[in-house]
Structure formats: structure tokens, C-alpha cells
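Q: These are the residues of each chain, in order.
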Amino acid sequence: MGKWINKSMKPSVEPDSEDHIAIEDLARLVDGAVEKAERQRFIRHLNRCQRCYKILQETLKDVSAEESLQMVPSPWWKTRTAYALAASIILVLLIGGPLVFNYWNPRPQVILATLKLDQQLKDILLEDDALRWEKGKRLNRLLAALQQKGLQVKELNLVVLSKPYYQKKSLFGPAEVLQIRIENNVAYLEVKEMNQ
Amino acid sequence: MDPEKILSSDKVLEKIEGVCKRHFSAENDQNECYVFVIDRLKSDNFKRLRAYKGKSKLSTYLYSLINALVVDFRRKRYGRRRIPSGVVKLGKWAEAVYRLVCWQKFSFDDAFDFVRIDGLFEGTYEQFLKEIAPIRNAPCRENPTFQSIDELRGSPLQNIVDSDSNPLESLIQKLDRERRIKALRVIRETTEELSEKDQLLVRLVYGSDQPVSVAAKVIDLPASAARGRLKDLLTKYRERLLAEGIREP
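Order-wise, the sequence lines are chains Y and U. For the first sequence, the working numbering assigns the number 49 to the initial residue and increments by one for each residue that follows. For the second sequence, the working numbering assigns the number 734 to the initial residue and increments by one for each residue that follows.
Treat the hints as calculated values from the structure; they're not laboratory data. Among the clues, some could well be false.
[Unchecked claim] With the C-beta cut set under 8 Å, the calculated list includes, among others, these residues of chain Y facing chain U:
(1) W52
(2) M57
(3) I71
(4) E72
(5) R76
(6) I91
(7) N95
(8) I103
(9) V111
(10) S112
(11) A178
(12) L179
No residue lacks a Cβ here, since even glycine has one placed at the ideal position from N, Cα and C.
Construct all of the structure, not just a fragment, from the sequences and the given hints.
A: Structural data, given as C-alpha cells:
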């Protein structure tokens, strides 16, 4: 409050009038619903009567505060449209989310297969004792062999063999299979006997 | 309109509670104020509520009525306090100082400025300090929970307004005591020469910090016109102050 100005505009000894403005007239003044002639009369009184001025001033504060509260628009996120929009977005996310997720975050494809260890595969495995094959002719041969056998493998960057493969001496030994797991273009190979 | 229904509505009870809380800091006073207002509203078969003729908004009427009753409560509770005879003997200036310091919680320094402005005390500050000794000793703090409407939003000394929104107050605050007293006299004299509407406009905007749009509605001017009017009035104050040799330091 303008302490100095307020004080300079009213005497320290406040004269009070007995003929106060009626409460409803003060309310009308606040609402701006007063005729010109009576407004002049009220304003003249207000400039002299501390009590009526105080009531007017306090009422103005209360009404302004209430109006400003009412005028504050509800936040956009509390509107019916926003709720409907939010519900739609949630539905779309629920339905399409997994698809979008898969699209943007494709799961690494894992191929699991067990192939009869035929002579073609044996030849590739027997080329040397290396347990890790980087890109090269041997790896390309394995890739081609796997594709021939129907595996959907597009590319291989590395082959990891669990242990070196040696030809079985027995002609009647147990049949062998090659267990393959391909993940992130890396093929993990393990030769197992059929009865294992 | 059913007055009983109005008075039992939560919104109205909240209004009463809110206004009482705004007027009194002590919980006890707030509660007594609340009870007083409700009793008065109920009295004589809801006479005060029945007096509503529908010429204003009901909400505005209720706020005016509640504020009027709170003023009555304050007067009933504290208005009978007498100014101590020792102070009365000193004269009108001392009574004014007592009211300012004890009832409105202004400082003695501020009180000195005000009684000088009112022409109630003509002596120097040193004389004032000597002569207020009996007031200092007077029992003026027997009810420290009393709060005047002027200090609803804290101590008057804390009510320093934003200088941008109140150029007059800002100027006054920057002046030394003698120049401040002189400036306030010029402002008072200039204000007294204004039309009734302009006086109320200045007092509401620069004395009570009401928004211009709110004050404009009371004096029935468009807000833009009220702003223009205030600009002209400030120019007038400035010219008068400059003519008296008062300028912003």
C-alpha cells in the first residue's frame, strides 16, 4: 500500500460521517452499476468518510481476487478436448507402440538350427583348427552352405566354434549334427553326436 | 432469496472466514470475528441479508456486508480503548501520535512526519523526541494482536510499493525528512484541489494500490481514460513539486 500517499490524503484524526453509504450502494459502486448523479454523491462521501472508504477498498480487493480466480482459464491439460486427445494417444501407443518399437528397435534376430553334419559341412569344419573364423573364404563357404540348407542367413561376420572338429574314425559311429545359433551376424557352432 | 440458505452455503462461510483471516492475524480474533459476523447476519431474522434488493451482484453485496461487519467488530472490540489521559493532556498531536504508533503500528519517526504534515506539530524532530516521552511510557501495547486495516498485508514499513507502479510513493521514499514532509504537504494540497473523482482515483491507485482498471470502474471511466487521467495528474503533481524545489534526488 502507498503508505505515504495514503496517509497524506487523509488526516491522522479521521473524521467519520454518521450518514454512511448503504451497503448495497457500495456494492453497486464496486460493480459499476451506479447512476451519474448518485455516483457523484457517493464519491464525495468516500473522499470524506474513512469507514465507507475502508469498506469499499476491502470489497474491491475481495471482488478483484474472486474475479481473477474465476477468470483464470483452466489449464489446457484439464479441458475435455485434452482428455480426449490424451486417451487417443494412449490407445495409439498401446496398439501401435510395440510395432513402432520393433520398427525402431529391431530385436536382434536369432536363428537356431540343428543340421545333419553332412560331408559339405564336415569339409568346412575340417579346414583347420581355428575356433574363430573372421570374414574370409571359409566363412563365405559356410554361409553359402547354410543358405543352401534353407537357413535365412544374409550375412555372417564371425563364426565361433565351440571346439575343434575332428573326423570320427569309426564308419559306424554315431551320427553327428551341427547345432547352430546365429545372432548379430555371428554364428556359434557346436558339433554333437545324435545320442547326446 | 433465502437468507438461511445463503448463510449455510459453504461459499459464503468461506468468504466470511477469508475476510476475517485477512483482517486479523491472531487465530482467536479470526474466530471471534467469524462468529460475530455470522451472529450479525442472523440477527433480527436475517435483516441484513434481507436488505439485499438485487441491485448489485449478490457476491459483491456479501463482500461489502462482511467487510462492514468486520469493521464493526474491530471497532466493538478495540474501539473503546481510550487514549490514556496522560497522552490526552499533551494535545491533539500526541493523540494522533498515540493512534499512529499504538493502534496503527507506525514508527515514531513516521508519526512525526504525519503530525507535521497534518500541521499538528510544528517543532523540530529533537523537540518531538523529547515531548513523546509520556507516549512512549503509555500502555499502548496491551493488546498486541490488534491489527489495523492499514496493516493487513504486514507492517506499514514493509508495505513498500513497487516504484514503477507508484511514482509518488517512490519519490517520497527517496527524500530526506524535511523534504518528505514538504513534498507530502504539496501532494495533499494538490490533491485537495482536484475534482472529487480525481481525488478518489489517486487515492485508490496510489494510496491503496488498487489496479487502475478497478479504480476506473468505481469512478465510471474506461481504464484507458483513467490511465491518461493519472498521467495528467502525475504531471500536475510533478510541476507543483518542482515549483517547491522538490525533485528526485
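Q: Run every hint past the structure and note whether it holds.
A: Okay, the hints, checked on the actual structure:
1. With a least beta-carbon distance of about 4 Å to chain U, the hint placing Y:W52 at the interface is held under the 8 Å criterion.
2. Among the interface hints, the one on Y:M57 holds; its C-beta lies about 5 Å from the nearest C-beta in chain U, closer than the 8 Å criterion.
3. Taken as an interface hint, Y:I71 checks out: its beta carbon lies about 5 Å from the nearest beta carbon of chain U, inside 8 Å.
4. Look at Y:E72: its Cβ gets to within about 6 Å of chain U, closer than 8 Å, so that hint holds up.
5. Evaluation of the Y:R76 hint against chain U yields a held restraint, the C-beta minimum of about 4 Å falling below 8 Å.
6. With its C-beta approaching chain U no nearer than about 5 Å, Y:I91 sits inside the 8 Å limit, and its interface hint holds.
7. Look at Y:N95: its Cβ gets to within about 5 Å of chain U, closer than 8 Å, so that hint holds up.
8. Contact between Y:I103 and chain U, as hinted, is supported at the beta carbon level, the nearest pair being about 5 Å apart and thus within 8 Å.
9. Evaluation of the Y:V111 hint against chain U yields a held restraint, the C-beta minimum of about 6 Å falling below 8 Å.
10. Hint status for Y:S112: holds, given a least beta-carbon distance of 6 Å to chain U, under 8 Å.
11. Hint on Y:A178 is violated. Least Cβ distance to chain U is approximately 83 Å, over the 8 Å limit.
12. Checking Y:L179 against chain U: minimum C-beta separation of about 80 Å lies over 8 Å; hint violated.
Hint violations for this structure: numbers 11 and 12, all remaining hints satisfied.
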